[in-house]
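S.K.: Residue numbers (our numbering): 1 to 63.
Please note that the accuracy of each hint is not assured.
As the list claims (entries may be wrong) - With a cut-off of at most 25 Å between alpha-carbon atoms, the simulated BS3-like pairs for lysine-lysine come out as follows:
no., residue 1, residue 2
1, K17, K56
2, K56, K9
3, K14, K56
Claimed, not checked - Distance windows between CB atoms, simulated:
no., residue 1, residue 2, range
4, R45, Y12, 17 to 27 Å
5, Q49, K9, 12 to 22 Å
6, V25, W59, 17 to 27 Å
7, K9, S48, 28 to 38 Å
If you're looking for bench data, these hints aren't it; they were derived computationally from the structure.
In this text, all values refer to a predicted model and were calculated from it rather than measured experimentally.
Yeah, the Cβ is synthetic: ideal placement off N, Cα and C, and Gly gets one too.
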Amino acid sequence: MQALIHFSKRAYVKWQKQPDGGYLVTWTDLRFWRDRDWPFRAEVRMDSQFNLLEQKLGWHKKA
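Please put together the full structure from these sequences, using the hints given.
M.R.: Right under this line is the structure:
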């Protein structure tokens, strides 16, 4: 996540509480608008005690 924060000139951060009690935190680089979406992002999934479960960095592809 530090790489995206350092690299990104305009980052947007969003957090969401998950059904299992954990959290999803997403950092989005606002410079990369494409197809009505912000595809370049970093995501961190944490449990309810804020322990890291998963992290992703890169281009988000629509399914």
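S.K.: Check the following: the C-beta atoms of V25 and W59 are separated by a distance inside 17 to 27 Å.
M.R.: This hint holds: roughly 18 Å between Cβ atoms.
S.K.: K14 and K56 were given as a pair; does the straight-line alpha-carbon distance stay at or below 25 Å?
M.R.: Holds, at roughly 15 Å.
S.K.: With respect to the beta-carbon atoms only, verify the hint that Q49 and K9 lie 12 to 22 Å apart.
M.R.: About 33 Å separates the Cβ atoms of Q49 and K9, which means 12 to 22 Å is violated.
S.K.: Need the status of pair K56, K9: alpha-carbon distance at most 25 Å?
M.R.: holds (19 Å)
S.K.: Okay, R45 versus Y12 on CB: inside 17 to 27 Å?
M.R.: holds (18 Å)
S.K.: Sort out whether K56 lies within 25 Å of K17, counting only the CA atoms.
M.R.: Answer holds: K17 to K56 is near 18 Å, not above 25 Å.
S.K.: Measuring from beta carbon to beta carbon, are K9 and S48 in 28 to 38 Å?
M.R.: Holds, since K9 and S48 (Cβ atoms, about 33 Å apart) stay within the stated range.
Of the hints listed earlier, the one the structure fails to meet is number 5.
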